[in-house]
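Using the sequences and the accompanying hints, generate a full structural model.
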Amino acid sequence: MARGKNIQLYLMDGDVNGRIKCTLANWTGLAFKIPRTSLDMCKDRSELKQTGVYFLFGKDENDRNVVYIGQAGVRKNGEGILNRLFEHNRNPKKDYWTEAIALTTSNDSLGPTEISYLEHQFYQLALKAKRYDVKNDNDPTPGNISEEKQSELDEFIDYAEVIVGTLGHKVFVPLIANNDNGENTSLESETFYCTRGGINSIGVRTSDGFVVKKGSVISSKVTKSCPEYVLKKRDQYKKILDDKNTLIDDILFNTPSGAASFVCGSSANGNVEWKNSAGVTIKELDEQQEE
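The sequence shown begins at 84 in our numbering and counts up by one.
Since the hints were derived computationally from the structure, they do not count as laboratory data.
By construction, the Cβ of each residue, glycine as well, lies at the ideal position given by its N, Cα and C atoms.
It cannot be assumed that every hint is accurate.
Now the in silico label distances, taken between C-beta atoms and shown as ranges [unchecked claim]:
#1 LEU335 <-> LYS177: 22 to 28 Å
#2 ASN359 <-> GLY280: 15 to 21 Å
#3 ASN145 <-> ASP291: 27 to 33 Å
#4 SER350 <-> ASP123: 46 to 52 Å
#5 ASN283 <-> THR120: 43 to 49 Å
#6 LYS142 <-> ASN221: 19 to 25 Å
#7 LYS366 <-> SER308: 26 to 32 Å
#8 LEU335 <-> PRO175: 28 to 34 Å
#9 ASP96 <-> GLU370: 42 to 48 Å
#10 ALA361 <-> ASN227: 41 to 47 Å
#11 GLN91 <-> VAL355: 30 to 36 Å
Simulated pairs of lysine-lysine, DSS-like, Cα-Cα distance not exceeding 25 Å [stated by the list, open to error]:
#12 LYS253 <-> LYS321
#13 LYS211 <-> LYS177
#14 LYS253 <-> LYS218
#15 LYS315 <-> LYS213
#16 LYS142 <-> LYS88
#17 LYS176 <-> LYS218
#18 LYS315 <-> LYS253
#19 LYS211 <-> LYS322
#20 LYS358 <-> LYS142
#21 LYS366 <-> LYS321
#22 LYS218 <-> LYS358
#23 LYS142 <-> LYS327
#24 LYS126 <-> LYS104
#25 LYS211 <-> LYS321
#26 LYS296 <-> LYS322
#27 LYS142 <-> LYS177
#28 LYS211 <-> LYS316
#29 LYS253 <-> LYS88
#30 LYS316 <-> LYS297
#31 LYS232 <-> LYS296
#32 LYS142 <-> LYS322
#33 LYS142 <-> LYS304
#34 LYS253 <-> LYS297
#35 LYS304 <-> LYS327
#36 LYS213 <-> LYS327
#37 LYS142 <-> LYS218
#38 LYS296 <-> LYS211
#39 LYS218 <-> LYS177
#40 LYS88 <-> LYS232
Structure below.
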């Protein structure tokens, strides 16, 4: 069982919408959450003039979460991470990001090899989680590190995943937690099915909403009652449908009804459309729990 963690959040501007400094007990790392509009306020932060890695978060034109993952070494001008953030701020090709999270250490211990490895690993983790579209043009190189250093950095990454998630971005957290055998290990482990009208879709309730799983067959047609947001969602995700209208990836929805409407191609009540293996609907299960 995972142990509890003591995370310290410091509102640097006394405002939840402002800059946040984050530390974690028994971790040498430092994390800063910085709104893009607050970059100028960071010029006096010596920690941000160190080496480290950073993430640029925002949304694309389809309202999809996007992230860019980068590294920053100390240059001749002495402006490490912060200098890279200013460069991105001036870059018109990176107009999508609204805030950054920067990771460094309290003892400035990250060298060029370390930040290359961290950048590569964070990039791979973000791709695997499939929550955000990763905007990097190329796969960062992992560098060449010893097995001792790799073990140390992997521990740094474990803590960093917790920090970044706590700061509002579950970029490294899979939609459904699975073990090495592909078995669902999330607390919300019950599987639901939607099978009417030739549809054969599989879903799972999670703490984030409702996930329609890879391999689900959805309706090839949409009705006049199909909500506008569902039409938009179908258009957005048509690239992960094969020629048999089968999903080749998981999709997260806010509600079971949103998921049901998506797979049915019509307005649908997810609380009655989704049923477990015994044929019991979500509505019935919830009513049983209330008794």
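Has the given pair, LYS213 with LYS327, been kept, meaning a C-alpha gap of at most 25 Å?
Status holds; Cα separation ~22 Å.
Per the hint of 42 to 48 Å, is the separation of the Cβ atoms of ASP96 and GLU370 within bounds?
holds, 46 Å
Confirm or reject the claim that GLN91 and VAL355 have a C-beta distance inside 30 to 36 Å.
violated, 45 Å
Would you mind confirming whether the straight-line C-alpha gap from LYS316 to LYS297 stays at or under 25 Å?
Between LYS316 and LYS297 the Cα gap is close to 16 Å, so the pair holds against 25 Å.
For the pair we were handed, LYS232 and LYS296, check the Cα-Cα distance against 25 Å.
violated, 37 Å
Given the hinted pair LYS211 and LYS321, is their alpha-carbon gap at most 25 Å?
holds, 20 Å
With the threshold set at 25 Å, check whether the alpha-carbon distance from LYS296 to LYS211 stays at or below it.
holds, 15 Å
Holds or violated: LYS211 with LYS316, Cα cutoff 25 Å?
Holds: LYS211 and LYS316 sit about 21 Å apart, inside 25 Å.
Taking 25 Å as the top limit, are the C-alpha atoms of LYS253 and LYS88 close enough?
holds, 17 Å
Just to be careful, I want the Cα atoms of LYS253 and LYS297 compared with a cutoff of 25 Å; is the pair within it?
holds, 20 Å
For the pair we were handed, LYS253 and LYS218, check the Cα-Cα distance against 25 Å.
holds, 16 Å
25 Å Cα cutoff - pair LYS296, LYS322
holds, 15 Å
Taken one by one, the earlier hints fail for this structure at numbers 3, 7, 10, 11, 16, 20, 21, 22, 23, 31 and 33, listed in ascending order.
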